[in-house]
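Q: Residues per chain, in single letters:
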Amino acid sequence: MKTPFLRSPYAGLLLLALVLALMPFLVRNDFHYDLLTKICLTATVAVGLNLLVGYAGQVSLGHAAFYAGGAYASAILTSQYQITPLPAMLIAAAGVGVIAWLVGRPILHLKGHYLSMATLGLGVIAAIVLNNEDQLTGGPDGIGLPPLSLLGHELSVFGEYPFAGLTLTGVELWYLLAAAVLLLAVLLALNIIDSPLGRALRALHGSEIAAQVAGVDTARFKLRVFVISAVYASVAGSLYGHYSGFITPGIASFEHSIELITIVVLGGMASTFGVIIGAVILVLIPQFLTDFQELEMVVFGAILMAVMIFLPRGLLPTLLSRFQRGAR
Amino acid sequence: MLSEFFQFTFSGVTLGAIYALVALGFTLIYNASHVINFAQGEFLMIGGMGTVVLLEAGAPLPLAMLGALLLAGVAGVVLYKLAIAPAKKANVVTLIIITIGASIFLRGLAQFFWGKQYHALPRFSATESISVGGATLLTQSLWVLGIAVVLVVALALFFNRSRLGKAILATSMNKDAARLAGIKTQTILTLAFGISALLGAVAGVIVAPITFTAYDVGIMLGLKGFVAAAIGGLGSSTGAIVGGLLLGLSEAYTAGYISSDYKDAVPFVIILAILFFLPNGLFGSRAVERV
Amino acid sequence: MSALLSVNALSKEFGGVHAIEDLSFEVARGDVHAIIGPNGAGKTTLFNLVTGLYQPSAGGVRLNGQDITGRQPHKLCEMGMARTFQNLQICMNMSAVENVMLGRHRHLGSGALSAMLRLPGQRRADRACRQQCRELMEFVGCGAYLEHAASAMPYGALKRLEIARALAAEPDILLLDEPAAGLNATETGALRDVIQRIAEKGITVVLVEHDMKLVMSVSDRLLVISYGRKLAEGTPSEIREHPEVIAAYLGGGANNKQEVPA
Amino acid sequence: MKRIVKHFSSAALLCLCAFTGAAQAADTIRIGSFLSVTGPAAFLGDPELKTLELYIEQLNDNGGLLGKKVELVHYDDAGDASKARTFVTRLLRQDKVDLIIGGSTTGATMAAVPVIEQAKIPFISLAGAETISTPVKKWVFKMPQSDRQAARRVLTDMKERGFSKIGLISGTGGFGASGRNVTLEEANKMGIDVVADETYNPKDTDVTAQLTRIRNTDGVQAVLNFDFGQGPAIVTKNYKQLGIELPFYQSHGVASDSFLKLAGDSAEGLRLPATALLVANTIADSDPQHDVVTHYKKAYEERYQGSVSTFGGYAYDGLQLAVRAVKKAGSTDPAKVRDALESIQGYVGVTGTYNLSAQDHMGLSYDSFRILEVKDGHWALAQ
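Residue numbers (this note's numbering), protein chains in the order written: chain P, 1 to 328; chain X, 1 to 291; chain Z, 1 to 262; chain U, 1 to 383.
Source of the hints: derived by calculation from the structure; they are not laboratory data.
Hints are all accurate, no fakes.
If you want the footprint, here are the derived chain X segments under chain P, 3+ residues with CB under 8 angstroms:
#1 80-94
#2 105-111
#3 221-235
#4 260-268
Ranges of calculated distance between the beta carbons of each label pair, as one might list FRET restraints:
#5 X:Phe277 / P:Gly152: 49 to 59 angstroms
#6 U:Val136 / X:Ser259: 34 to 44 angstroms
#7 U:Asp333 / P:Leu151: 33 to 43 angstroms
#8 U:Asp291 / P:Gly95: 51 to 61 angstroms
#9 P:Trp101 / Z:Gly65: 28 to 38 angstroms
#10 P:Arg28 / X:Phe277: 55 to 65 angstroms
#11 X:Val149 / Z:Glu78: 47 to 57 angstroms
#12 U:Thr282 / P:Gly95: 50 to 60 angstroms
Examples of chain X residues lying across from chain P (beta carbon under 7 angstroms, computed):
#13 Ile36
#14 Ile97
#15 Ile98
#16 Gly101
#17 Ala102
#18 Ile271
#19 Leu275
#20 Phe276
#21 Pro279
Predicted, not measured: the structure shown is a model, and the values here were computed from it.
Don't be surprised by glycine CBs; every beta carbon is placed ideally from N, CA and C.
With the rest of the complex left out, here is chain P (with noise of 0.2 angstroms):
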């Protein structure tokens, strides 16, 4: 019999803190810590979409739009008004929450397909404005941004900061930074799904007249849940958009939007842990396809459908699953 502590997700955060941790013993050069720090970061966005879709049971196929929004926020607030990145981040986050909660109202009384699309639409306009007003955005050729500056320290992917008697690299610091921030967010994951607020966002999902009769006030709960996967992937695609230092709108694309719902779909609806390894994959998978050249996309599409087709509640929760079928 296992305590009850190895048995509760934390446990399962204890273990992904001591992989993030030991992965600068694996990586062999800054490009892998560069991938690394993308995972992270796009598995921040996943967490917290996978609040909304897997957990509440609400598709968004815009999500991508709330990222963009994060990076582009934070673009123009340090290069145009001059305000430092960290501020600059929350200020970004509370407008996107805000612009969430503002469209969240009227669409997610929406069901099903014709919840799809709204969001859809609303990742599409987004895009459409992103490109079109390029006094303020720099249009399609994109946007510059400085580097990150915490405490009036600034984090530059290039720089080297002294630290402790080591001498860490810009890029292995911004790794460290992106990994603290998936724990993080894994955490604040983790302590909603176990909370009343998780219990009636999962409720949304099982039966939502359940939901209902049982006091949960399922439309403000929607959008609750709704502003709170924004807000996540604002902060993520802030942070992005200063490590790379330069964005463009097709970080708001819908091909982007449906990256991220594949992340979350493909790792495991509903699961925290699943949806972190859904993003490894999306992140690493372009990088060994590149052998395939020409057949890039079908080898992936191929990828794509049978892991669906055979795995269709994700990768995490079949193998779990069928493992603990075989423990039996």
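Chains X, Z and U: place on chain P using the hints.
A: Below, chains X, Z and U without anything else, positioned relative to chain P:
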């Protein structure tokens, strides 16, 4: 100014007819299987590109078209057999991802075998355009409209008159009951995917002379078709047609009268407004949820 | 005010078909009030109207003297109304005890911040809630499934789980929609005990049920409806003798498999 | 849970190890490249990659560079700027390339620039917007003329023909939007009024509404369509279908035979600024570019059975400049190669004659553009 209005209308109706055909394809599959098939746009691509490739291989135009339609039909059936049917237990979002995977797969194949070039198909009539009320009307637009109308009528007859059509309808209403009534639902679903693919391919062939065709035309047209189907109310054929026309016209009028910058955004705003008041689209069923 | 729930001239149409037509009745506080009638009589529709899932076409509903017509279900829950469903409404993506804990929603703070930060106050409340819910599950007789996934539970246990969830809200009035459907004789016997003990706690129970033995043994009053209209109302013994009830149940067509109330 | 995490970490380990191959051989020169070979900008990336592959092969057949074999390491960014950035990181940090030729689109180039500037590796961009080379970035060079030069070339031709009020229609993609901005600015400087200014989505299938608006604007004397891809072909067709008789201009973005094939007879009579490559068959023998364009055209078309485009020409020039610079530097030392690039004068390429300097990392003047006209379905120098 009237001629201007005519011009925008012609352009909107042509676009709308294309969207409507794609939306009908969505509707057909949605009705039979409750799957939103994001690979629908790829059938258009197969229709257009298939014709181009066969034409280049030396086939006469009608034969090339026929071949391309056949190819698309086969692709539809294979899609169902290999990707949708095995995923019976999958939930809605998973099915969406599967069809997206299929769409990427098909696009990848087309790119690999048929290349990335854009191609033009010859128009069907010798004359390019005629003047109506001071506005230019393309003869190919008339072909698009004519064929769209014929297809819609044919589909309506098929569903209301033929045994097969009725069987598809019955399956869409209640799969278990249909099975009990002796309908082979597997066959019916396969058929629905095949017909839907054919429909898409026809649209792909008839618009190619106006819009060009390439391995990636399916993305945008597929998306617009989905939008049109959703405005009309998923599962309603009338809705698909009205939704398609509404989308096409609103794009053309926005580009013409408001701002071409926001041509693609304004229709979405209209759609969001429609969905706000009619959460099941214009013609969607407003059945009360059974508890 | 002795009536806790009063339904006044309630009507509901679905596309021209009257599911409920001009129906009035009252449920006294502390009673077990059964609603019976042939299949399709409109019993579930009536429940859905009373609990706010459907909007009535005409007429009104009062709870504790307050007009609650068309009020949203979650508001009614806050006013002390809870219910179960004929076709189970269980969250299959949650564990058994979590389903019951969902029922205590109105008694728990559900702030996003306190949830994210896992504040001590909220954790304490949640621990207490889990304990209460465990007791409730034992009370209704599905305590053995505490941490099981709801999707892995047998039907009978799920029916009880739903009652536990409804009770978790600490309602004044509990509406049970065919709680005995699909249960065997032993389970039905246990269910009767549960209903009686709920009534003993002072909770008013409204019961839609086909099992006449159960109905007759637990109800204080009965309402008989047919085709959306009131057919008869009274105590079990009055109903048993009511000529129209007997006629309706005997001549009600092939799909009436109910026992004649005798 | 423990085992899952074990699985997870071992999978991650596996993933990382798979990337660690790429040992660098000392006897090869590695040229990195990231191009949009698929995706919406494939018509840029595709000929660019083909050109690089063709000429690097040729280079190796002729004994390589500095006696070393040249190796091309290429990744397809599919027109996605964030993918481009990741691949550039991979080129720099893992593949450890000696220099980079790539960036089909401005977005991809600009996303790569910060990483490249930091890594201090010479980068030759094949994308067009002015922002790439203005202000000058130490390690970044660019091959195509800027869109501003194209706009100025077109507007000059318009002015010479006496037009002072024009209509503009552009795509909302990167190329079109940037082209629109510089056209508006240059027109303002040259005293030309842009009286109608319309846009369309690059994926649009019909632009008659926008063209109708232009047609109905008072005083329009000529119309310019600034965009690349298949959009301009649709604009050209619609233009003809609407029976608009005004002189019509396209940008250098459609300077290829495939545009003529798509637009068909609708293209007859339109003008655009283009490089000598498009008129290789008719160019005068005395023209300094005669040899280079005819050779490139022949080599490319023989190998790939398709017609050359201006974009492949950028890749050709980029590679030739890189080769010259490496030869001049006598090594692949990045700083030396960079300095050598910056000092190249009078290189006659497919695109034009390059004179690079510390102030100018692009090196072409605006008259490297020639105004061409479509005559009988072929490109010809405009009279």
